[in-house]
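Q: Single-letter residue listing:
There are 2 protein chains.
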Amino acid sequence: MPLAKSWVTSANSATHPFPLNNLPYGVFSTDSLDPRCGVAIGDMILDCQRAEETDLISVTDDPLFDVPFWNEVMEEGPDLWSALRDRLTQILAEGSPDRERAEPLLVPQSQVEMHLPFLVSEYTDFYAGRNHAFNVGTMFRGPENALPPNWLHIPIGYNGRASSVVVSGTDIRRPWGQLKSPDHDLPAFLPCRRFDLELEMGAIVGQPSDGPITVDEADANIFGYVLLNDWSARDIQAWEYQPLGPFQAKATATSISPWIVTKHALEPFRCMTPEREFELLDHLKDTGPMLYDIDLRVTLAPEGQPATEIAHTNYNQLYYSAAQQLAHHTTSGCPMNPGDLLGSGTISGPTKPERGSLLELSWGGKEPLTLDTGETRSFLEDGDTLTLHGECHGDGYTIGFGSCTGTVLPALEDPYAR
Amino acid sequence: MPLAKSWVTSANSATHPFPLNNLPYGVFSTDSLDPRCGVAIGDMILDCQRAEETDLISVTDDPLFDVPFWNEVMEEGPDLWSALRDRLTQILAEGSPDRERAEPLLVPQSQVEMHLPFLVSEYTDFYAGRNHAFNVGTMFRGPENALPPNWLHIPIGYNGRASSVVVSGTDIRRPWGQLKSPDHDLPAFLPCRRFDLELEMGAIVGQPSDGPITVDEADANIFGYVLLNDWSARDIQAWEYQPLGPFQAKATATSISPWIVTKHALEPFRCMTPEREFELLDHLKDTGPMLYDIDLRVTLAPEGQPATEIAHTNYNQLYYSAAQQLAHHTTSGCPMNPGDLLGSGTISGPTKPERGSLLELSWGGKEPLTLDTGETRSFLEDGDTLTLHGECHGDGYTIGFGSCTGTVLPALEDPYAR
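Protein chains in written order, with UniProt numbering: chain R, 1 to 418; chain H, 1 to 418.
The set of hints was computed from the structure by calculation and includes no laboratory data. Treat each hint with caution, since some may be false.
[Said to hold, decoys possible] Between beta-carbon pairs, the in silico distance windows are:
1. 276/H <-> 287/R: 53 to 59 Å
2. 142/R <-> 303/H: 46 to 52 Å
3. 416/R <-> 374/H: 54 to 60 Å
4. 353/R <-> 270/H: 54 to 60 Å
5. 15/H <-> 63/R: 40 to 46 Å
6. 303/H <-> 352/R: 56 to 62 Å
7. 119/R <-> 104/H: 37 to 43 Å
8. 304/H <-> 268/R: 56 to 62 Å
9. 83/R <-> 66/H: 30 to 36 Å
10. 350/R <-> 186/H: 52 to 58 Å
11. 351/H <-> 416/R: 37 to 43 Å
12. 63/H <-> 141/R: 53 to 59 Å
13. 63/H <-> 111/R: 36 to 42 Å
14. 242/R <-> 351/H: 51 to 57 Å
Think of the CB as a built atom: it goes at the ideal place given N, C-alpha and C, for glycine as much as any other residue.
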């Protein structure tokens, strides 16, 4: 599929993240417009609320865009998802007869504030990157016992905290927590000293289910994808996580990129999961290409300094697809809802520069990373700005995710001062 | 505090669960009434929606009872909670001038269906019962290493799945899941063979917080309590829980009792947490009596058979109060919201008949329990009805929680048949 051209000419570039082929969904506001749904096209956003009010978009009987989140669109289901995308493509395509009505509804991206694109119903974080699981396991248990016995049979995951999901651009306050240094007998309540990022993608469940669903049904229920940074307090995690898993270590914040890239836009970039060491059980078996070829990069900019690229990998490094994760999520009968967010797990490639966390990049702090500025990092410092980037490279066009960024603020001096 | 008398005379008994001293909050419907908020008094329910529509209850400018859940009341905060309770007490007290207006708004409990009393925002399950943690730890690691090193310093918890919370009376379908028998090399996808209950209480967060809060602030933010059965698939859990904790093993269902017993009603039953083996860190320290003296019982009835009491313990057996759990939950900055539900963790007393799970009662299946019917149980069988009961014994009155019940249905023959 080549670049599809739009009358919004900024979209007609081989490297622009938001060509007509993409049409990602977000929620924006300006000084004069309340938060509302919009679609990115080139450097502009089409105001979906006004487009619906003026009947430029009219694909359902009841309004879809009278609320500032995309959950109502999700709830309508795949037929509506296709109809809406078709209509948006028609409106924004080069030569469209709708141009005159649509042009006044465009807002420059430079003038907007972005918000969470959907109400996060519940948030689950998986652990489906084999290199990440192997690296972390090697650090804690040695390379022979790196992968837990279940890992090659089941997409390991845990429930996270939906209330802590924030949109890209939100500052992240370094947390306090209960820690125990190896050289102390007792724990203490201190600011986190090993604050980290996790490079992930988030899959957004768009349709409900109430009982076990197959991998193909799960794939059909996914609405789209975002970049996701699961901020992690490694020292809090080390002390708390046995026996019931991570809790406060992962509850400070999880940042997501503001634009939902739809499954439809990603279709040309589907690719296979890796060879299986053990055959998966029937209900988790691959049914076709269900990963995507998405180029992923992480940059770190110390306060007032230029950014260094610290990781470069690809979504195709995952062992389990989001569809397999969602299918597993329903095996016990767990009801799923539109707006459920599934983190992929940290994505690391096989070599050092492909590692998606500082824990792995600095090997637990033993091999600090040197930035382009000459500074070193084992874990995040106050003032650091972390940014995730994601792009699919098509034939003469790009499907971009925008970026997912956040700046680390110093811990509160006294978290209980009022 | 003695029994407070009501003109609803069924409430004026020393053993009735719902005297005027209690006034628990639920959501009910009848053949002719849509689901709506109500308050239990004796054998009746006061219809709050109609009471508000007729200005019998008028404690806020905006309506509280135009929705079938108690979250809007929670959001109003503690002053409204007190004002509402005062007004309800006034309306329902013996000799009340409001009797004539209120009497037509009473609905017999025998005629209603109960619904979830609130929208569950997020669900967290703790592990704060020392005897339970010791018993489970002893089975898996021996008595010397039974409690994990963090256990006496931190209320261990994990995020559960809010979508799986159901109201008492909902049937519970035995789940399928990935299991691995100790005598097999590879896992299989099978119906759960070790399906269990967990006797817990749930604390309902009534006020939002956005940063660390103290134990006293946490206590003030709690709206009320319910009985909670965290149905658990022990064989799924054993295979999946390392390294990130329980996931599908706990996602089939969590049942709660339909009546929220308010913190106010429980006030006379406050009691101290146990002696501390290690001094707690300042932010978790006990600030007064924060547990409650609540008598708890579990009965099991095989299909078509009478029930046997299989466990009898007390909420005062917990090591950490709900306020301490909530305070810990916020340490990392995790935002909390009205409607968040905190499971206490399984409550077991020190002796065998006080154990709150079949895992403990049958010691991992090695010592099957004999029921009054002569049947034995290691874990739950299809058709078993499990019921939790909770009561506080006051001076001439009872504060009851009603019951929390559920019947185990057989696993689906083929979970993917459509």
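Q: Each hint should be assessed against the structure and marked as holding or not.
A: Do the hints match the structure? See the list:
no. : hint                        : result
1   : 276/H <-> 287/R: 53 to 59 Å : holds, 54 Å
2   : 142/R <-> 303/H: 46 to 52 Å : holds, 50 Å
3   : 416/R <-> 374/H: 54 to 60 Å : holds, 57 Å
4   : 353/R <-> 270/H: 54 to 60 Å : holds, 58 Å
5   : 15/H <-> 63/R: 40 to 46 Å   : violated, 54 Å
6   : 303/H <-> 352/R: 56 to 62 Å : holds, 60 Å
7   : 119/R <-> 104/H: 37 to 43 Å : holds, 39 Å
8   : 304/H <-> 268/R: 56 to 62 Å : holds, 59 Å
9   : 83/R <-> 66/H: 30 to 36 Å   : holds, 34 Å
10  : 350/R <-> 186/H: 52 to 58 Å : violated, 26 Å
11  : 351/H <-> 416/R: 37 to 43 Å : holds, 39 Å
12  : 63/H <-> 141/R: 53 to 59 Å  : holds, 57 Å
13  : 63/H <-> 111/R: 36 to 42 Å  : holds, 39 Å
14  : 242/R <-> 351/H: 51 to 57 Å : violated, 28 Å
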